[in-house]
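Build the complex: two chains, separate frames, hints provided.
Residue strings, one per chain:
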Amino acid sequence: MSAMTSVQRLTLAKGLNQGLRKAMEDDPKVVLMGEDVGKLGGVFRITEGLQKDFGEDRVIDTPLAESGIVGTAVGLALRGYRPVVEIQFDGFIYPAFDQIVSQVAKLHARSLGHLKLPMVIRVPFGGGIGAVEHHSESNEAYFAHTAGLRVVAVSDPADAYWMIQQAIRSDDPVMFYEPKRRYHERAEVELDEAAEAPLPLHRARVTREGTDVTLLAYGPTVKTCLQAAEAAAAEGKSLEVVDLRSLSPLDLDTITTSVKKTGRAVTVHEAATFLGMGAELAALVQRECFHHLEAPVLRVGGYNIPYPPSRFEEEFLPGLDRVLDAVDESLAY
Amino acid sequence: MSEHLTEDAPPAQPIVDARHLQHHETTVQPMMEHDITDGGPDMVQFVDGDGNRLETTEANAPYAKIVEDMTSEDARSMYRDLVLVRRVDAEGFALQRQGELGLWPSLLGQEAAQVGAGRAMRPQDYAFPGYREHGVAWCRGVPPENLLGIFRGVNHGGWDSNANNFHLYTIVIGNQMLHATGYAMGVQRDGKVGTGDPDRDTAVMAFTGDGGTAQGDYNEALVFASVSNAPLVFFVQNNQWAISEPNYKQFRIPPYLRARGFGFPGVRVDGNDVLAVYAVTKAALDAARAGQGPTLIEAFTYRMGAHTTSDDPTKYRPAAELDIWKEKDPIKRMRGFMETKGHADASFFEQIDAEADELAARIRKACQEMPDPDLRTMFDHTYAEEHPVIEAEKAEFSAYLDSFEEAGR
Ligand SMILES: Cc1ncc(C[n+]2csc(CCOP(=O)(O)OP(=O)(O)O)c2C)c(N)n1
Ligand SMILES: [Mg+2]
Chain A
1 MSAMTSVQRL TLAKGLNQGL RKAMEDDPKV VLMGEDVGKL GGVFRITEGL
51 QKDFGEDRVI DTPLAESGIV GTAVGLALRG YRPVVEIQFD GFIYPAFDQI
101 VSQVAKLHAR SLGHLKLPMV IRVPFGGGIG AVEHHSESNE AYFAHTAGLR
151 VVAVSDPADA YWMIQQAIRS DDPVMFYEPK RRYHERAEVE LDEAAEAPLP
201 LHRARVTREG TDVTLLAYGP TVKTCLQAAE AAAAEGKSLE VVDLRSLSPL
251 DLDTITTSVK KTGRAVTVHE AATFLGMGAE LAALVQRECF HHLEAPVLRV
301 GGYNIPYPPS RFEEEFLPGL DRVLDAVDES LAY
Chain B
334 MSEHLTEDAP PAQPIVDARH LQHHETTVQP MMEHDITDGG PDMVQFVDGD
384 GNRLETTEAN APYAKIVEDM TSEDARSMYR DLVLVRRVDA EGFALQRQGE
434 LGLWPSLLGQ EAAQVGAGRA MRPQDYAFPG YREHGVAWCR GVPPENLLGI
484 FRGVNHGGWD SNANNFHLYT IVIGNQMLHA TGYAMGVQRD GKVGTGDPDR
534 DTAVMAFTGD GGTAQGDYNE ALVFASVSNA PLVFFVQNNQ WAISEPNYKQ
584 FRIPPYLRAR GFGFPGVRVD GNDVLAVYAV TKAALDAARA GQGPTLIEAF
634 TYRMGAHTTS DDPTKYRPAA ELDIWKEKDP IKRMRGFMET KGHADASFFE
684 QIDAEADELA ARIRKACQEM PDPDLRTMFD HTYAEEHPVI EAEKAEFSAY
734 LDSFEEAGR
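Going line by line, the protein sequences match chains A and B.
Using this note's numbering, read the first sequence as starting at 1 and increasing by one per residue.
Using this note's numbering, read the second sequence as starting at 334 and increasing by one per residue.
Here chain B stands alone, though its shape is the one from the complex (with noise of 0.2 Å):
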């Protein structure tokens, strides 16, 4: 070995001797395991698992209002919502194993934060989402359709993001942070923050994970939001996983409780909680309107699946664990408050799953019917301007194919 900089300065902490591979004696405090399945007594809930109201506590005190205003039909179309977000996420699934998509990155577990924050959001708003968020896009009115592209490799994206106020899906883990905050700054800049007109005031939402709140755009985000008083939500799915890494390798305090050190409010709420994750958001979209700034949400789930369809989590997690949230299920449990409630009859459910039925077939068919693209038009939209480099590529390799078409081969 060559030799380096140390040999001579003070000795490092001892290590690992890696010829006694069975005793890693480590002088390294690493953060300690924690339980993942309790959001702690700030968390924000509703609805417990079994789907009873619960009581009034300090925590989801302030949003009771918003929750009591909400009319069975509210319940009813959320569930909606829920049923047939999960069931776009299941075809997505589908899709992939039967090799008519390369990946499927699903959200099981997740559709309740999905859709309380997509609810939560007015026509006016805009998200910036991550690569999972096929449940927010479902709320803003993307067709789920326009979702397959990007994970059939025929395009990157491709929607128009103004139609829906819903951004390209961007899979740099951090990256759309700042662009939400941009676009919040813009949003000031317009005048359309603090107005009091319920259809003009605008605010926006930025979505990643528990992993994404370690990389230096999101902590960059929060201290440009911060310091602006831009109309945005931070919202992060703690879903407790990122790939194969717990939260405890990602940060020591959670996100809710670091919002406070950027200068603004952080919320915990129940993640399988669709009615506790619309009303917190509502508040804080609400607040960010009327130009009282920023809000971090911090929604407390489980990604019940594998990472995406490429990952095997048999190798980093315990099954157990998955037990215990599958009694938090988002689904089972809104469908109990309402049906406590009285807010929906049998023939509601079925006609909902009915509903999914007809919708996931609709998407198969979609997927399967997507043509190729036309080779030729991978140069197009490079830039928006004429470029030579790209025109005399694109001659070249028109030739190119021309050649094979020619020659039959």
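Chain A extracted, bound-state conformation (with noise of 0.2 Å):
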């Protein structure tokens, strides 16, 4: 493949897709299973086409039991297979609660490592598309905080198509976010490994650098930052937006490099400030680069209420303005 074909521009939603199609095709043990991922390729489309070529024992349209959905998967792995499984909305992944944080995070431990569980639970998240209630939540924290579960988030076409595939070939279970308010945003995809490798699954990257303040942002949130630093460029403050990409591990170098440097760190993120990820970042940061603090790192999220009526929600997200806001709070120290 020459340098040329092997980039192709892609919604996030299709780079999912391809990522998805090439996992499947490199090993015969990956199988999806999910609420209407087969015959209708999911509701967001991310599974579309899938099913008709790999077959019904592969894209599996689930019963609708999100326990089951998540339990038999434990079972798929213990046999070998490589389940992905398709959570069809943030709000409706509690009934496999139990699973998860009982069984699918505990396995290995529990075995003293003699069973793996190579298995991927895929949550399209957060809120920003006018859903009725539980379709815009942003539970990553509840996962993070559950030890043996790697959570990661996408935040762009690329990462979208090579996190996937990171995902899936991980021996461990792996948490994967996806920006549901972002699956249509387009950018050029490099599909060859050979011509560009792929960032590991669990490092940060500094989508933007700056010098001032620093932003740590995932999923949704990054391109939230991106625009304030776009606009805050224009009143002459640098920001660097740092993109998280991993939750659980996180990339400590990656943090603190950025945080040394700009002495100042705001966190982005959709869900609750109260024990969201801003908080355990703030405590590493302090802890880390307290020498090198100018200002408190500050956290910037969801208020600490059920997510609203969609009529709310543009006031609820964070948006430039309580960014720029907490930017200019933090310059004031």
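Treat the hints with caution; some may be incorrect.
[Unchecked claim] Computed list of lysine-lysine pairs in DSSO-like fashion (alpha-carbon distance at most 27 Å, straight line):
#  : chain 1 : residue 1 : chain 2 : residue 2
1  : B       : Lys659    : A       : Lys39
2  : A       : Lys22     : A       : Lys39
3  : B       : Lys648    : A       : Lys39
4  : A       : Lys52     : A       : Lys39
5  : A       : Lys260    : A       : Lys237
6  : B       : Lys648    : A       : Lys52
7  : A       : Lys223    : A       : Lys237
8  : B       : Lys648    : B       : Lys659
9  : A       : Lys237    : A       : Lys261
10 : B       : Lys648    : A       : Lys22
[What the hints assert, rightly or not] Each pair of labels, with its calculated beta carbon distance range:
#  : chain 1 : residue 1 : chain 2 : residue 2 : range
11 : A       : Gly75     : B       : Pro704    : 46 to 56 Å
12 : B       : Thr389    : A       : Ser102    : 48 to 58 Å
13 : B       : Gly524    : A       : Gly113    : 49 to 59 Å
14 : B       : Gly384    : A       : Gly75     : 43 to 53 Å
15 : B       : His367    : A       : Asp53     : 23 to 33 Å
16 : A       : Asp328    : B       : Thr715    : 20 to 30 Å
17 : A       : Leu252    : B       : Tyr716    : 32 to 42 Å
18 : A       : Gly113    : B       : Ala732    : 48 to 58 Å
19 : A       : Asp26     : B       : Glu718    : 52 to 62 Å
20 : B       : Thr715    : A       : Leu320    : 19 to 29 Å
[As the list claims (entries may be wrong)] Facing chain B, a subset of chain A residues (Cβ under 8 Å, in silico):
#  : residue
21 : Lys39
22 : Leu64
23 : Gly91
24 : Val132
25 : Phe274
26 : Pro308
27 : Pro309
28 : Arg311
29 : Glu315
No lab work stands behind these hints, which were simulated from the structure alone.
This structure is a prediction, so every number in the text was calculated from the model and none was measured.
By construction, the Cβ of each residue, glycine as well, lies at the ideal position given by its N, Cα and C atoms.
Listed below in structure tokens is the structure:
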């Protein structure tokens, strides 16, 4: 394949779709399962065309029961398969919570390493699409809090394509968060590993370099932060944007290198700030960068209320203004 | 690829080779498709597709008396409900298409199932709906305007469930089945079962769909209801589809037959025959109120529309199905029955259509005039009692909004 043809312009959704396809071609043990993932290709069409091409044994339209989906995925994994589960919407993962925290996360440890659970649980997450309740939640912290699970969040088409494949190859269970309001964002994706090696799964990326304040974000808020950085630049402020990509484990090196350089950090996520990822980031940064900090680590996030009806969501979600306010607050110290 | 556990385990059954994509030789025996237009001989039915009153069968005999006792007036008012409910639904759909609502789950085709069930309830009974039960809401006296807030993104329901004994819509499939069961357990403890007083004895109804029967909560609810002999009627609207998945992806034995395994009776009823649904539900509610425990009713019907306004069913189901079910239309059928029996004349039907027009206009107006919520109310009701985090965030948010007003931004 020439370098020219290995670059494609893809949406984030299509990046996932192509990544899943590649993983299924590479490894016949990869099976997809979930509600409506087969014939329909999923409500977001992430698995579109895969049942047609790989058959019903490998792309399973499951009964409507999330505990059942994840529980049977555990069984399939024990039998040597690599299940990739789709949870239709973030808010419908809770029936499977028990299976995930009690079994998926713990079986490797309980078996003293004899058993591996190479499974991926894909979760379209976050708000901003005007949906009814239970369709806009950000529950990544519950799982990042659970030892035994790896948790990642993609923010762009290239990461979508590569990270889904890396997650599938991992011998640990991976919670894979997809920012549903960014599914239709497009970008160029280098599909050839030889032309450009993808970043390892658990590494953060400095998406925009800057010198004054570090914005720490993941999933849907990476774009928000890039826009904030653009707006701030017009006012002469230089913001660095770090896309965490991995929430568990965190890439502490990339994070602290950035904060030591800027001396200021603002975390930005849709989830509630109270015990959200920002709380862990703030604790780690103050510990590791204490002598470099010019201001306390500030957190911008969802409020500590149930995800509100959609007419409120523009104000509920951390947008440009709230990010820039936090930047100003940080700079004012 | 990293190595994994079963590298030296016995080889799994041969599966699809990804390199021969067109030949999916399978070792898995999946459930087969079946005729989804025929409810079979167990199905209780009183009126056929053309409105003819059917002969007594083994299935419908136990309910014949209830139907015979119904008056012309009963038939007329049920017909009225069917037409008005369809109109509420059509208006919801139109409002979504015009951008006034974010989403609308249509009940088109399921009017008889919902009106038959809703009409069989007594005022003291209590309903726990899913998200498509606009017709049950109507029969409980919930103003249709109250249903719009959820789909307009103004609230998450917001109505007082106790005003009409109609619980909030539940979107997480299956959750409400357990709530209904627990509520019915409370009714038992209040001594409101089996007293023989028709205004005191109380039953509860739990609604879900065919897909819902796969969910853990659903099956647990059936267990709890069974062991507690709760005054409960589980009402499964089998509209043949759970988004893109047909019945055979959800179960091998239909819901009404599974009830027996949980320890109580199950009945399949023609969900497009409002008289049959009413009669079967009334009998089940009477039994529940009398202390005879739960019943499961499977209303065999069809989702004539898309799953919701976000869905495109042409991706997964054949149009031919729709044509067959059109012939079973619940309103056409009831009207045929009434005309044959002389329960109503042409002017009655005209009058109902006019009433439907008025109702539609009323709903439309209410929707368009529904104010956007005051943003500052976003924090209200998170807790029943004061909570410092909420108070702090509310103040912070308020100051944030004020900063815009001050800046005139
Ligand atoms: C726990 C849960 N998982 C997934 C969904 C997404 N979802 C909404 S409706 C639906 C299908 C429901 O089918 P069925 O129970 O037959 O009811 P119908 O929509 O046909 O009335 C699904 C999968 C959900 N609402 N809740
Ligand atoms: Mg259904």
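Quick rundown of the hints versus the structure:
{"no.": "1", "hint": "Lys659(B) <-> Lys39(A)", "in the structure": "holds (24 Å)"}
{"no.": "2", "hint": "Lys22(A) <-> Lys39(A)", "in the structure": "holds (19 Å)"}
{"no.": "3", "hint": "Lys648(B) <-> Lys39(A)", "in the structure": "holds (8 Å)"}
{"no.": "4", "hint": "Lys52(A) <-> Lys39(A)", "in the structure": "holds (8 Å)"}
{"no.": "5", "hint": "Lys260(A) <-> Lys237(A)", "in the structure": "holds (17 Å)"}
{"no.": "6", "hint": "Lys648(B) <-> Lys52(A)", "in the structure": "holds (13 Å)"}
{"no.": "7", "hint": "Lys223(A) <-> Lys237(A)", "in the structure": "holds (18 Å)"}
{"no.": "8", "hint": "Lys648(B) <-> Lys659(B)", "in the structure": "holds (20 Å)"}
{"no.": "9", "hint": "Lys237(A) <-> Lys261(A)", "in the structure": "holds (15 Å)"}
{"no.": "10", "hint": "Lys648(B) <-> Lys22(A)", "in the structure": "holds (24 Å)"}
{"no.": "11", "hint": "Gly75(A) <-> Pro704(B): 46 to 56 Å", "in the structure": "holds (52 Å)"}
{"no.": "12", "hint": "Thr389(B) <-> Ser102(A): 48 to 58 Å", "in the structure": "holds (54 Å)"}
{"no.": "13", "hint": "Gly524(B) <-> Gly113(A): 49 to 59 Å", "in the structure": "holds (57 Å)"}
{"no.": "14", "hint": "Gly384(B) <-> Gly75(A): 43 to 53 Å", "in the structure": "holds (51 Å)"}
{"no.": "15", "hint": "His367(B) <-> Asp53(A): 23 to 33 Å", "in the structure": "holds (27 Å)"}
{"no.": "16", "hint": "Asp328(A) <-> Thr715(B): 20 to 30 Å", "in the structure": "holds (28 Å)"}
{"no.": "17", "hint": "Leu252(A) <-> Tyr716(B): 32 to 42 Å", "in the structure": "holds (36 Å)"}
{"no.": "18", "hint": "Gly113(A) <-> Ala732(B): 48 to 58 Å", "in the structure": "holds (53 Å)"}
{"no.": "19", "hint": "Asp26(A) <-> Glu718(B): 52 to 62 Å", "in the structure": "holds (55 Å)"}
{"no.": "20", "hint": "Thr715(B) <-> Leu320(A): 19 to 29 Å", "in the structure": "holds (26 Å)"}
{"no.": "21", "hint": "Lys39", "in the structure": "holds (5 Å)"}
{"no.": "22", "hint": "Leu64", "in the structure": "holds (4 Å)"}
{"no.": "23", "hint": "Gly91", "in the structure": "holds (7 Å)"}
{"no.": "24", "hint": "Val132", "in the structure": "holds (6 Å)"}
{"no.": "25", "hint": "Phe274", "in the structure": "holds (6 Å)"}
{"no.": "26", "hint": "Pro308", "in the structure": "holds (5 Å)"}
{"no.": "27", "hint": "Pro309", "in the structure": "holds (5 Å)"}
{"no.": "28", "hint": "Arg311", "in the structure": "holds (4 Å)"}
{"no.": "29", "hint": "Glu315", "in the structure": "holds (5 Å)"}
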